[in-house]
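**Student:** Please work from the sequences and hints to get the whole structure.
The listed protein sequences correspond, in order, to chains Z and S. Numbering (our numbering) for the first sequence: 162 to 495. Numbering (our numbering) for the second sequence: 162 to 495.
For the record, the hints were derived by calculation from the structure and aren't laboratory data. Wrong hints could be hidden among the right ones.
If chains are identical, the list can't say which one is meant, so a pair holds when it fits in one copy or spans any two.
[To be verified] The list that follows gives simulated cross-link-like pairs (lysine-lysine, DSBU-like), each with its CA atoms no further than 35 Å apart:
#, residue 1, residue 2
1, Lys268, Lys252
2, Lys378, Lys439
3, Lys400, Lys252
4, Lys484, Lys361
5, Lys257, Lys343
6, Lys385, Lys458
7, Lys484, Lys257
8, Lys343, Lys307
9, Lys400, Lys308
10, Lys467, Lys385
11, Lys200, Lys400
12, Lys393, Lys343
13, Lys201, Lys257
14, Lys257, Lys467
15, Lys252, Lys458
16, Lys483, Lys393
17, Lys252, Lys308
18, Lys268, Lys200
19, Lys308, Lys439
20, Lys200, Lys393
21, Lys385, Lys483
22, Lys378, Lys361
23, Lys439, Lys307
There are 2 protein chains.
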Amino acid sequence: MRHVLYRGVIPWLVCITFAAATSSFAQNLLPSWNDGEAKKAITSFVTTVTDASSPDYVPPSERIAVFDNDGTLWTERPVYFQLLFAIDRVKELADKHPEWQTQQPFKAVLENDMETLAGSGEKGLMELLMASHAYMTTEEFTQIVKKWLSSATHPTLHRPYTELVFQPMLELLNYLRANGFKTFIVSGGGIEFMRPWTEKVYGIPPEQVVGSSIVTKFELQDGKPVLVREPKINFIDDKDGKPICINQYIGRRPIFAFGNSDGDLQMLQWTTLNQTSKRFAGIVHHTDGDREFAYDKDSHIGRLDKALAEGAAHGWTVVDMKKDWKVIYPFELQ
Amino acid sequence: MRHVLYRGVIPWLVCITFAAATSSFAQNLLPSWNDGEAKKAITSFVTTVTDASSPDYVPPSERIAVFDNDGTLWTERPVYFQLLFAIDRVKELADKHPEWQTQQPFKAVLENDMETLAGSGEKGLMELLMASHAYMTTEEFTQIVKKWLSSATHPTLHRPYTELVFQPMLELLNYLRANGFKTFIVSGGGIEFMRPWTEKVYGIPPEQVVGSSIVTKFELQDGKPVLVREPKINFIDDKDGKPICINQYIGRRPIFAFGNSDGDLQMLQWTTLNQTSKRFAGIVHHTDGDREFAYDKDSHIGRLDKALAEGAAHGWTVVDMKKDWKVIYPFELQ
Chain Z
162 MRHVLYRGVI PWLVCITFAA ATSSFAQNLL PSWNDGEAKK AITSFVTTVT
212 DASSPDYVPP SERIAVFDND GTLWTERPVY FQLLFAIDRV KELADKHPEW
262 QTQQPFKAVL ENDMETLAGS GEKGLMELLM ASHAYMTTEE FTQIVKKWLS
312 SATHPTLHRP YTELVFQPML ELLNYLRANG FKTFIVSGGG IEFMRPWTEK
362 VYGIPPEQVV GSSIVTKFEL QDGKPVLVRE PKINFIDDKD GKPICINQYI
412 GRRPIFAFGN SDGDLQMLQW TTLNQTSKRF AGIVHHTDGD REFAYDKDSH
462 IGRLDKALAE GAAHGWTVVD MKKDWKVIYP FELQ
Chain S
162 MRHVLYRGVI PWLVCITFAA ATSSFAQNLL PSWNDGEAKK AITSFVTTVT
212 DASSPDYVPP SERIAVFDND GTLWTERPVY FQLLFAIDRV KELADKHPEW
262 QTQQPFKAVL ENDMETLAGS GEKGLMELLM ASHAYMTTEE FTQIVKKWLS
312 SATHPTLHRP YTELVFQPML ELLNYLRANG FKTFIVSGGG IEFMRPWTEK
362 VYGIPPEQVV GSSIVTKFEL QDGKPVLVRE PKINFIDDKD GKPICINQYI
412 GRRPIFAFGN SDGDLQMLQW TTLNQTSKRF AGIVHHTDGD REFAYDKDSH
462 IGRLDKALAE GAAHGWTVVD MKKDWKVIYP FELQ
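**Tutor:** If you want it as structure tokens, here you go:
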């Protein structure tokens, strides 16, 4: 009898312990989020779609979550970090390009004349991007990005860029993965600028990173197959481009999406509007000028205007960084 | 003392049992492969790269395996199944297009005049593809493909197309996944033609399917976000296009690749040539005219010529379907 009891009790004890651990685990995965509407909306959604007895249950294979990167997972001010990379890269290459001393927008970059650079418009910016992002193999570019990230620091926060990721969002990514979600980045940033570091920093592997891209060309160089990066845009993964890329790269409609600007509007629409099953859309609202940067509808970088208005109409969750987040960056916990 | 012994022995027993199970598990995962050079090359490669004590060990995150689809995972004769889909689709739509009665290549399709259709060249084929693959939303197209697959049968084998997949390759996909590999399709076929069924048939989810694509356009139709398929090629994932797509979609160089035709040559080169770590390239050689189809260098569909010659020079593994495979299709096991 004792043996029977023993055999019967052990599995129960294991189950109870495991269930308790799972539940507190979930709660503990969002320690940097203050208790409030945003955290509640997230945990309520995740609890519902992972509850096998709920009519809103979603099987694990369909738990696709997409995140914008700039301004959603890491800081994007004073300008997108990738633009700062392009500027540093042009300065590094200047010796080999004496013509840049007199040619815009390169002259402006070399003279740290940001006003003239901004005034060079889309054409100037594109020239800057191509000069810094093309004319090498994909593997060479990866090494260039890694080297830059290992030494460059933010102009005002004086930290390496990969330390300027949002601690609460790292926790959210882990929380979703612990609940069977597959997490993707869907960013206007360069796909090959992100892939070298997203696995280490966010736990998101290269094959789950979607972004803007330039054209590449296959070549055998001395018998070694390489892809050469050409100075030509392949696709811009922003605005309308986001749902297009989600469909092209992922091939499933996400059930969970997070962005922070009007560039994410169509991705949030694609995820949530007029769908037959439960969906979640979140917006990071940059409200904390003390700990990070405060901006929305009047900002050139990460403008948030239409998406905020539409979010209010559709019940999307708006995260108030100042109120909802205990800390902004991981180093604040040290 | 007995308790100490007990506590010490149990974990060992568990470990030994598990190790034995794992080993025989691996062997049992390739039951339709005859013992021969091909099977040996596959198991030897997998055993080596998954052995943590080997200098050729590869961590799980880098175990990327890519497979061509037509002729590698399923049959591609008498013509690519997607072309048969296009033909059936045009016939279904003919009532709404009276002009097709006199307009090529549609007239040829409606009259089952395959010679004239073949003679219409790339331009004719493209018109046929666009008429059958565009002018609807991505979700409508998915439903059309699913409906076709549920009723259409192969012209000579008289089986649904999804039954004409290669049993030994299904086993190989499982074997690789059981060894921590992530399996991808990289096919010249349409990405949205494959995604509706690859998870069920191959265990490969939509987000791990790479293929040729057409342009899509984001629209809000009565408040519902849709992607409309436009009659314009986005990218052809064949030949040079395969390494380009592997880099674009997956972002890592595979360590294992399988193809069957010259369209896979660059993918096999990209995977194996002049790499610093151990790689595997395999070619399915269609040698079995009795059980499937026999063809190679003189075939218009799935021509295998250059890749076979280059494979011999580089030590790629060539699978002789007649000699290496006990069965071709899953239904032979029933």
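**Student:** If a hint holds in the structure, say so; if it doesn't, say that too.
**Tutor:** Here is how each hint holds up against the structure:
In this homomeric assembly, Lys268 and Lys252 come within 35 Å of each other (Cα to Cα) only inside a single copy, at 10 Å, whereas the closest approach across copies is 61 Å. For a Cα distance limit of 35 Å, the shortest separation of Lys378 from Lys439 across copies, 25 Å, qualifies, whereas the shortest one inside one copy, 42 Å, does not. Taking the shortest alpha-carbon separations for Lys400 and Lys252, only the intra-copy value of 31 Å comes in at or below 35 Å, while the best inter-copy value is 38 Å. Taking the shortest Cα distances, Lys484 and Lys361 sit within 35 Å of each other inside one copy (28 Å), while across copies they are farther apart (45 Å).
For a Cα distance limit of 35 Å, the shortest separation of Lys257 from Lys343 qualifies neither inside one copy, at 44 Å, nor across copies, at 42 Å. Taking identical chains as interchangeable, the C-alpha atoms of Lys385 and Lys458 lie at most 35 Å apart only when they sit on different chains, with a minimum of 26 Å there against 49 Å within one chain. Neither within a single protomer nor between protomers do Lys484 and Lys257 lie at most 35 Å apart by alpha-carbon distance, with minima of 49 Å and 59 Å respectively. Taking the shortest alpha-carbon separations for Lys343 and Lys307, both the intra-copy value of 25 Å and the inter-copy value of 25 Å come in at or below 35 Å.
Taking the shortest Cα distances, Lys400 and Lys308 sit within 35 Å of each other both inside one copy (30 Å) and across copies (33 Å). For the identical chains of this complex, Lys467 and Lys385 are inter-copy neighbours only, at 17 Å across copies versus 49 Å inside a copy, given an alpha-carbon limit of 35 Å. In this assembly of identical chains, Lys200 and Lys400 lie within 35 Å of each other by CA distance solely inside one copy; the values are 26 Å within and 48 Å between copies. Both within a single protomer and between protomers do Lys393 and Lys343 lie at most 35 Å apart by alpha-carbon distance, with minima of 31 Å and 31 Å respectively.
Taking identical chains as interchangeable, the C-alpha atoms of Lys201 and Lys257 are never at most 35 Å apart, the minima being 55 Å within one chain and 52 Å between chains. Neither within a single protomer nor between protomers do Lys257 and Lys467 lie at most 35 Å apart by alpha-carbon distance, with minima of 44 Å and 41 Å respectively. For the identical chains of this complex, Lys252 and Lys458 are intra-copy neighbours only, at 32 Å inside a copy versus 52 Å across copies, given an alpha-carbon limit of 35 Å. Taking the shortest alpha-carbon separations for Lys483 and Lys393, neither the intra-copy value of 40 Å nor the inter-copy value of 47 Å comes in at or below 35 Å.
When the C-alpha separation of Lys252 and Lys308 is checked against a cutoff of 35 Å, the pair qualifies only within one copy, where the shortest distance is 15 Å, while the shortest distance between copies is 57 Å. In this assembly of identical chains, Lys268 and Lys200 lie within 35 Å of each other by CA distance neither inside one copy nor across copies; the values are 47 Å within and 61 Å between. Taking identical chains as interchangeable, the C-alpha atoms of Lys308 and Lys439 lie at most 35 Å apart only when they sit on different chains, with a minimum of 26 Å there against 43 Å within one chain. Neither within a single protomer nor between protomers do Lys200 and Lys393 lie at most 35 Å apart by alpha-carbon distance, with minima of 42 Å and 44 Å respectively.
Only between protomers do Lys385 and Lys483 lie at most 35 Å apart by alpha-carbon distance; the minimum there is 33 Å, versus 52 Å within a single protomer. Proximity of Lys378 and Lys361 under a CA criterion of 35 Å is satisfied in both settings, with 28 Å inside one chain copy and 34 Å between copies. Within a single copy, Lys439 and Lys307 get their C-alpha atoms only as close as 39 Å, which misses the 35 Å cut-off; across copies the closest is 24 Å, which meets it.
Of the numbered hints stated above, those contradicted by the structure are hints 5, 7, 13, 14, 16, 18, 20, listed in ascending order.
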